[in-house]
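Asker: Here the structure of chain W is known, so what remains is to put chain D in place on it, guided by the hints.
Note that the protein sequences, when read in sequence, are chains W and D. Following this note's numbering, the numbering of the first sequence begins with 13 at its first residue and continues without gaps. Following this note's numbering, the numbering of the second sequence begins with 13 at its first residue and continues without gaps.
Think of the hints as simulated: they come from the structure by calculation, not from any bench. Note that the structure is a prediction, hence the values are computed from the model and not measured. A portion of the hints provided could be inaccurate.
Identical copies go unnamed one by one, so any copy, or any two together, can satisfy a pair.
Cut-off 27 Å, straight-line C-alpha distance, at most; resulting in silico cross-link-like pairs (DSS-like, lysine-lysine) [as the list claims (entries may be wrong)]: (1) Lys192 with Lys180; (2) Lys71 with Lys27; (3) Lys151 with Lys45; (4) Lys89 with Lys63; (5) Lys27 with Lys180; (6) Lys192 with Lys27.
There are 2 protein chains.
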Amino acid sequence: MSSPSGAGKTTLSRKLIEADNNIAMSISVTTRKPRPGEVDGKDYYFISIEKFESMIAAKELLEWANVFGNLYGTPRKPVEDALARGRDVLFDIDWQGTQQLAQAMEDDLVRLFILPPNADALRTRLIGRNQDASNVIAKRMAEAGREISHWPEYDYVVVNENVDEAHKEVVAILMAERLKRRRQLGLTDFVRGLMTGL
Amino acid sequence: MSSPSGAGKTTLSRKLIEADNNIAMSISVTTRKPRPGEVDGKDYYFISIEKFESMIAAKELLEWANVFGNLYGTPRKPVEDALARGRDVLFDIDWQGTQQLAQAMEDDLVRLFILPPNADALRTRLIGRNQDASNVIAKRMAEAGREISHWPEYDYVVVNENVDEAHKEVVAILMAERLKRRRQLGLTDFVRGLMTGL
Numbered sequence: 013m014s015s016p017s018g019a020g021k022t023t024l025s026r027k028l029i030e031a032d033n034n035i036a037m038s039i040s041v042t043t044r045k046p047r048p049g050e051v052d053g054k055d056y057y058f059i060s061i062e063k064f065e066s067m068i069a070a071k072e073l074l075e076w077a078n079v080f081g082n083l084y085g086t087p088r089k090p091v092e093d094a095l096a097r098g099r100d101v102l103f104d105i106d107w108q109g110t111q112q113l114a115q116a117m118e119d120d121l122v123r124l125f126i127l128p129p130n131a132d133a134l135r136t137r138l139i140g141r142n143q144d145a146s147n148v149i150a151k152r153m154a155e156a157g158r159e160i161s162h163w164p165e166y167d168y169v170v171v172n173e174n175v176d177e178a179h180k181e182v183v184a185i186l187m188a189e190r191l192k193r194r195r196q197l198g199l200t201d202f203v204r205g206l207m208t209g210l
Numbered sequence: 013m014s015s016p017s018g019a020g021k022t023t024l025s026r027k028l029i030e031a032d033n034n035i036a037m038s039i040s041v042t043t044r045k046p047r048p049g050e051v052d053g054k055d056y057y058f059i060s061i062e063k064f065e066s067m068i069a070a071k072e073l074l075e076w077a078n079v080f081g082n083l084y085g086t087p088r089k090p091v092e093d094a095l096a097r098g099r100d101v102l103f104d105i106d107w108q109g110t111q112q113l114a115q116a117m118e119d120d121l122v123r124l125f126i127l128p129p130n131a132d133a134l135r136t137r138l139i140g141r142n143q144d145a146s147n148v149i150a151k152r153m154a155e156a157g158r159e160i161s162h163w164p165e166y167d168y169v170v171v172n173e174n175v176d177e178a179h180k181e182v183v184a185i186l187m188a189e190r191l192k193r194r195r196q197l198g199l200t201d202f203v204r205g206l207m208t209g210l
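Chain W with its partners taken away, still in its complex shape (with noise of 0.2 Å):
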């Protein structure tokens, strides 16, 4: 899932881990510095560049990037063992983790875009959020507007105009993902039984 920030991403992903329990969270490592209020190992896990570097060269990341200066990524492990056990995982990653995800998962990969529904919205959860300078905000509203720009690139699109309606239409996404023939790994046994049994 990705989306501008200000256009409800983090409500977003919250209300579908909490209303589904089929899927958990991915936690990026980071190392930036941990903003006020942010827990390490449920926000992010914040480490050292030197293990950054690390994990980078034991090829323990599904993907990475440098975002103006500070290394985010995707931990393999937790995904892989997650999959394992027919679990569901949930990315809140920017386009680019997108689309280095989108290489090393192929079609395992579902990509959500979030839009907000005007810019006025997006300008006023900016603003509400933090109390920061207006040429603060004038950056962020330029970063979300080359996040915007990748949208073509996703999968599904869903409008955030109403919390509770966006919601629903992401839950329906992941239901109906789910039901793909594809994805559906038992049902070549089931069906056979079926067969057997007319």
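Answerer: Frame of chain W; chain D shown alone:
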């Protein structure tokens, strides 16, 4: 939507049409005689062989098939009219019709197969539906097996163990398909407007 007879496809189709104002049922033409209770223009358009053949010749059918001596087909015009108005169309057809529709409509077709939860449930529903002789039931079970054997040609599979749960799944598939980026034809203009306001 395809399924063996007795898997609940008719019930699920009806519930979907009732629940969603933006999807219309495609009504097939057929050369077979109406069964008791069947209404012309609702269950099928009952037409003569001559009329059917003239529709084939005029390319007025999106797909057609000969099933045990009776001809069945999907008229093209109501489908094209509905799609042009931005509505979706539900097809209640078998694997032969689905294969032909997939060629005619390509990516625009979503293929959904409904499976019964087990062979006994299918047998019970077939016996419950009509007081046919046991050799008729056996023939219908064999037909069901032939239809089921085509399940790998479908995009989605729903196992109809509980009709309300299966209905929820069908609704989710429809909602998710509508949220696919490539189906949201107004998105390019919407994002252009959004970017202008940043």
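Asker: Now, for every hint given, state plainly whether the structure supports it.
Answerer: Evaluation of the provided hints:
1. Lys192 with Lys180: For Lys192 and Lys180, the Cα distance is within 27 Å both inside one copy (19 Å) and across copies (15 Å).
2. Lys71 with Lys27: neither (31 Å within a copy, 50 Å between copies)
3. Lys151 with Lys45: So Lys151 and Lys45 pass the 27 Å test inside one copy only (20 Å; across, 70 Å).
4. Lys89 with Lys63: Answer is within: at 16 Å inside a copy they meet the 27 Å cutoff, but 63 Å across does not.
5. Lys27 with Lys180: both (10 Å within a copy, 19 Å between copies)
6. Lys192 with Lys27: both (23 Å within a copy, 21 Å between copies)
Violation of the numbered hints given earlier is confined to hint 2; every other hint is satisfied by the structure.
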